[in-house]
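Asks: Each chain is listed here by its residues.
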Amino acid sequence: EDQVTQSPEALRLQEGESSSLNCSYTVSGLRGLFWYRQDPGKGPEFLFTLYSAGEEKEKERLKATLTKKESFLHITAPKPEDSATYLCAVRSNAGNNRKLIWGLGTSLAVNP
Amino acid sequence: GAVVSQHPSRVICKSGTSVKIECRSLDFQATTMFWYRQFPKQSLMLMATSNEGSKATYEQGVEKDKFLINHASLTLSTLTVTSAHPEDSSFYICSANGPGDTQYFGPGTRLTVL
Chain C
49 EDQVTQSPEA
59 LRLQEGESSS
69 LNCSYTVSGL
79 RGLFWYRQDP
89 GKGPEFLFTL
99 YSAGEEKEKE
109 RLKATLTKKE
119 SFLHITAPKP
129 EDSATYLCAV
139 RSNAGNNRKL
149 IWGLGTSLAV
159 NP
Chain H
284 GAVVSQHPSR
294 VICKSGTSVK
304 IECRSLDFQA
314 TTMFWYRQFP
324 KQSLMLMATS
334 NEGSKATYEQ
344 GVEKDKFLIN
354 HASLTLSTLT
364 VTSAHPEDSS
374 FYICSANGPG
384 DTQYFGPGTR
394 LTVL
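Sequences listed follow chains C and H, in order. Position one of the first sequence corresponds to residue 49 (my numbering), numbered consecutively onward. Position one of the second sequence corresponds to residue 284 (my numbering), numbered consecutively onward.
So here's chain H without its partners, still in its complex pose (with noise of 0.2 Å):
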């Protein structure tokens, strides 16, 4: 149980355009999904906090206009990186707030912006 997925797993756009990533829980409901991003043999830097029916809270220094996130649902929620450029390619990953209070991750999304 406590499954979390991520689509796509790996996306390659141009410069200039927007990429949407997909976080779903797929067998139990979550208020509350978690966006991070992490670059190579770094540790996770969590970007927003996102709550089902509410705006999401953004970190410090994250851009809320650049990576928008939608939480329409209790078990969807969405991360758009606006007008994508080569600085954003990163690993992004989301966790769901599940069973036992714990977060549960999806297996990452790799960007890479050309």
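Bound conformation, chain C alone (with noise of 0.2 Å):
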């Protein structure tokens, strides 16, 4: 069955230290993996997108790398900005193939 998980549930970080975030997962033929970021009573927006080991994508403080099994999303010298939930969300080539199957979030809160 197809699964991510998430981890840590919850980061909190001192403005400045850098830290990186997982998503473990488990999917039949990966068609893509997907980060976003969701602001308190808003919906998520979108980040980054792997499809393949070893591919790593940038923005700003944040990188996302890809392995077979995992991917980290990479916070470098975070701001308090950078507060917010980061959700892992992946795309499997079974069934429904344009549905993404997520994990539950890891929630940061970087202290000034």
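For the record, the hints were derived by calculation from the structure and aren't laboratory data. Some hints here could point you the wrong way.
What the hints assert, rightly or not - The calculated lysine-lysine pairs, modelled on DSS-like cross-linking and capped at a C-alpha distance of 30 Å, are:
hint: 1; chain 1: C; residue 1: 111; chain 2: H; residue 2: 297
hint: 2; chain 1: C; residue 1: 107; chain 2: C; residue 2: 117
hint: 3; chain 1: C; residue 1: 90; chain 2: H; residue 2: 303
hint: 4; chain 1: H; residue 1: 303; chain 2: C; residue 2: 116
hint: 5; chain 1: C; residue 1: 90; chain 2: H; residue 2: 297
hint: 6; chain 1: H; residue 1: 303; chain 2: C; residue 2: 147
hint: 7; chain 1: C; residue 1: 107; chain 2: C; residue 2: 90
hint: 8; chain 1: C; residue 1: 111; chain 2: C; residue 2: 90
hint: 9; chain 1: C; residue 1: 116; chain 2: H; residue 2: 338
hint: 10; chain 1: C; residue 1: 111; chain 2: H; residue 2: 324
hint: 11; chain 1: H; residue 1: 338; chain 2: C; residue 2: 105
hint: 12; chain 1: C; residue 1: 111; chain 2: C; residue 2: 147
hint: 13; chain 1: H; residue 1: 303; chain 2: C; residue 2: 117
hint: 14; chain 1: H; residue 1: 324; chain 2: C; residue 2: 105
hint: 15; chain 1: C; residue 1: 147; chain 2: H; residue 2: 347
hint: 16; chain 1: H; residue 1: 324; chain 2: C; residue 2: 127
hint: 17; chain 1: H; residue 1: 347; chain 2: C; residue 2: 90
hint: 18; chain 1: H; residue 1: 324; chain 2: C; residue 2: 107
With the hints in hand, could you dock these two chains into one complex?
Replies: Here you go:
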């Protein structure tokens, strides 16, 4: 069964303290791993798509990497405005192949 | 680019009434849109996949007669919550499949049923 597990569930950092969020997945044929950011009371905001092991993408202080079993979202020198819930999702070859399988998210708080 | 809007952003209604939520892709066409529900501090729960010009595909446990979905054009899908009850109160979010085969999300609709 396709599954996505995110860790940690919650993370509190000091401003400037770099860290990584993990997204482990099992899927029958990966057709994309997606990272989103969600602020309270808002819809998720698209960050990155990764398709194959070894792929990396960067945007400002965020960098996403992908292996055959997991993805990391590295946050370098975070600022308080990076506080949000980060969601990971995968798309598989099985069934409704536009549907995403979602993790439960990591709630990040960055203290000034 | 890839902007999705939702209307209304908040709605309060009485028990037994119906509520319609609109989801529009503003700068791209979407043959597929999705409707999600999200409870406080929980992840997204897919309710249904909406395909333009055909019937929606509902996830297991979602009542199709209660949550009516219409995707009449390439830029508009609607979700109607029929005979709403307090347990239907939630945050409803739509997404549209857009550029790069990526789901782009609307800002969400907070439904409160009294």
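Asks: Holds or violated: are the alpha carbons of residue 107/C and residue 117/C at most 30 Å from each other?
Replies: Cα-Cα ~22 Å, so holds.
Asks: Given the proposed pairing of residue 324/H with residue 127/C, does the C-alpha separation stay at or below 30 Å?
Replies: Since the Cα atoms of residue 324/H and residue 127/C sit roughly 22 Å apart, the hinted pair holds (cutoff 30 Å).
Asks: What's the verdict on residue 111/C and residue 147/C, does the C-alpha distance respect the 30 Å limit or exceed it?
Replies: 24 Å, holds
Asks: For residue 111/C and residue 297/H, compute the direct alpha-carbon distance and say whether it is at most 30 Å.
Replies: Not OK: residue 111/C and residue 297/H at ~46 Å, beyond 30 Å, violated.
Asks: Given the hinted pair residue 90/C and residue 303/H, is their Cα-Cα distance within 30 Å?
Replies: 19 Å, holds
Asks: Does residue 90/C lie within 30 Å of residue 107/C when you go C-alpha to C-alpha?
Replies: 21 Å, holds
Asks: Residue 90/C and residue 297/H: Cα distance at most 30 Å?
Replies: 24 Å, holds
Asks: Please work out if residue 303/H and residue 116/C have their alpha carbons no farther apart than 30 Å.
Replies: 42 Å, violated
Asks: Are residue 303/H and residue 117/C close enough, with their CA atoms no more than 30 Å apart?
Replies: 41 Å, violated
Asks: When you check the alpha-carbon spacing of residue 111/C and residue 90/C, does it fall within 30 Å?
Replies: 23 Å, holds
Asks: Mind checking the alpha carbons of residue 116/C and residue 338/H for me, to see if they're no more than 30 Å apart?
Replies: 35 Å, violated
Asks: Checking one constraint from the list: CA of residue 347/H to CA of residue 90/C, max 30 Å. Satisfied?
Replies: 25 Å, holds
In summary, the numbered hints that this structure violates are 1, 4, 9, 11 and 13.
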